[in-house]
Amino acid sequence: MLKKFQCNLTMALLGAALLSGCALTTANLNVAYKPDEGSKSPLSMIKPAVVQLVVEDKRLPQEQDRVGNKKNGFGAAMAPIKTNEQPSRILYDALKTEFTQNGHTVIDTADGSKPDLVLSVDLQRYWCDATIHFWDVEVIGTINSSLLLRTPLNDTVLLSQPQSSTVRESRQVVTESAWESVLNRALSEYVRSFSRDPNVLDAMKKAVEAVHGETPE
Amino acid sequence: MKVFANRIGFSRAAMIVSAFFVAASCTSTTGTHVQLNQTAVSKIHSVGVVVKKEEEFSVRLSREKMTDAGAAFFGLVGVGIEAGARASTDSRYRERLKPALGDFDPVAALGERARQTLAACERFAQVQCLPADNPTNDRTEAYDGILEITLLQWGMRPCLGPGGAEREEVQAALNLHSRMILTRDKTTIWDRDELYLEGTCHSIEQLSSHGTLLRDALMRAVNAAAGRITNEILFP
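Protein sequences, first through last, are from chains A and B. Just so you know, the first sequence maps onto residues 1 to 217 in this note's numbering. Just so you know, the second sequence maps onto residues 1001 to 1236 in this note's numbering.
What the hints contain is simulated information worked out from the structure, not anything from laboratory work. Check before you lean on any hint, since a few could be wrong.
Unchecked claim - Partial list, derived from the structure: chain B residues whose beta carbon lies under 10 Å from chain A: (1) 1030; (2) 1031; (3) 1095; (4) 1161; (5) 1175; (6) 1191; (7) 1196; (8) 1211; (9) 1224; (10) 1230; (11) 1234.
Source: prediction; values computed, not measured. Glycine included, each C-beta is placed from N, C-alpha and C at the ideal position.
Given these sequences and hints, build the entire structure.
The structure is reproduced here in structure tokens:
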């Protein structure tokens, strides 16, 4: 009798432990762009510009309340993975930091300021996922967006292109730090590739030239 | 081995399994592994671009959804069965897409695009594509540096996000390893792994039946990946 009770208790405790596992609790990640202190990107080679930055959340409705799903071993979605800030805000802050660090000014046009150029970013995907392989778990973080850069002078579109970044990590165990790591690295890669993209740099130079009527440095 | 295993208190089976784990390579973590040395790159005036591929066009839709189910019920044998079944499904997808793929050559496209973008910046006096079949031949020695790009995997991978996974949509994907080698002493001065996901999602049905949809997606991925690689070299 005692043995049966002990067995049932063990089973119950085991079941409770499994069900209360971290796969059932929402993950709240701290995702933010952390630039290297004092480092400059090719954006700094462009004459200081006043930039109006607009980031809109154009993700699919079913993706808008999360940036990923925790999955069980059978691939079924369990708890959502969320970020402490809205992804569109995270992207806005990251790009603003990069512009500011490289000598440009990002403004809010609500106060009547006039920009030299307008950068509109449509955020289409901001997601992390994991795939089980034989020896490891592949954790992926990705950002997909489209960019539109125009000069407000004559409302000419100088650049329209997709901008994306994907980061992959090989892990043995996937904890919240793994999700946070891939999303932070994907954000850094996004900003890094944006600020080194010759198309972006050319378009910005043209916008500055158009406004100031001179050849940029 | 048995003596060694006994001496350290391991069974031979445990030793073999451990050795397997050590020898087996895991998925590479993307990013720059060797940062470009500006001093070294300033000595490069001519660049040879060599592009290689390790495998043919592939679809990794079912394989990217591996679960623990096989392992839970049948152990290692179960994992093997699940992996085999999923690989077979992906092979069928690949065969469906092959007619739409036609003679698309990612090696030539990637090499030419990388050459164009490196030449356009006017930082190097000479940039040429070199054949991948014999990268250590005399022609290679004529260049100060070799940009070697290896396509580890190219084709289609699942779209991320709940929408993409449920609808079984795929996107163009390139899994690349790139490095810059100084020909003088064969040292690697830059090394980077990249997983490029193009981002536009389509079903296998759409890709197989709509003209150039597949080739266009792959070409966009190739162009963007080549641009990303060369930008990393030009602006380290």
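Results of checking the hints against the structure:
With a least beta-carbon distance of about 5 Å to chain A, the hint placing residue 1030 (chain B) at the interface is held under the 10 Å criterion. At a threshold of 10 Å, the smallest CB-CB gap from residue 1031 (chain B) to chain A is about 7 Å, leaving the interface hint in force. A hinted interface residue such as residue 1095 (chain B) counts as satisfied when its beta carbon comes closer than 10 Å to some beta carbon of chain A; here the least separation is about 23 Å, so the hint is violated. At its closest, the beta carbon of residue 1161 (chain B) sits 5 Å from a beta carbon of chain A; the interface hint therefore holds under the 10 Å criterion.
Taking 10 Å as the C-beta contact cut-off toward chain A, the hint placing residue 1175 (chain B) at the interface holds, the least distance being around 9 Å. Nearest Cβ of chain A to the Cβ of residue 1191 (chain B): about 16 Å, over the 10 Å cut. The hint is violated. Taking 10 Å as the C-beta contact cut-off toward chain A, the hint placing residue 1196 (chain B) at the interface holds, the least distance being around 7 Å. With 10 Å as the threshold, the beta carbon of residue 1211 (chain B) stays out of range of chain A, its nearest partner Cβ sitting at about 21 Å, so the hint is violated.
A least Cβ separation of about 8 Å between residue 1224 (chain B) and chain A falls short of the 10 Å threshold, and the interface hint therefore holds. Hint status for residue 1230 (chain B): holds, given a least beta-carbon distance of 9 Å to chain A, under 10 Å. Interface restraint check for residue 1234 (chain B): the shortest CB-CB distance to chain A comes to about 8 Å, inside 10 Å, so the restraint holds.
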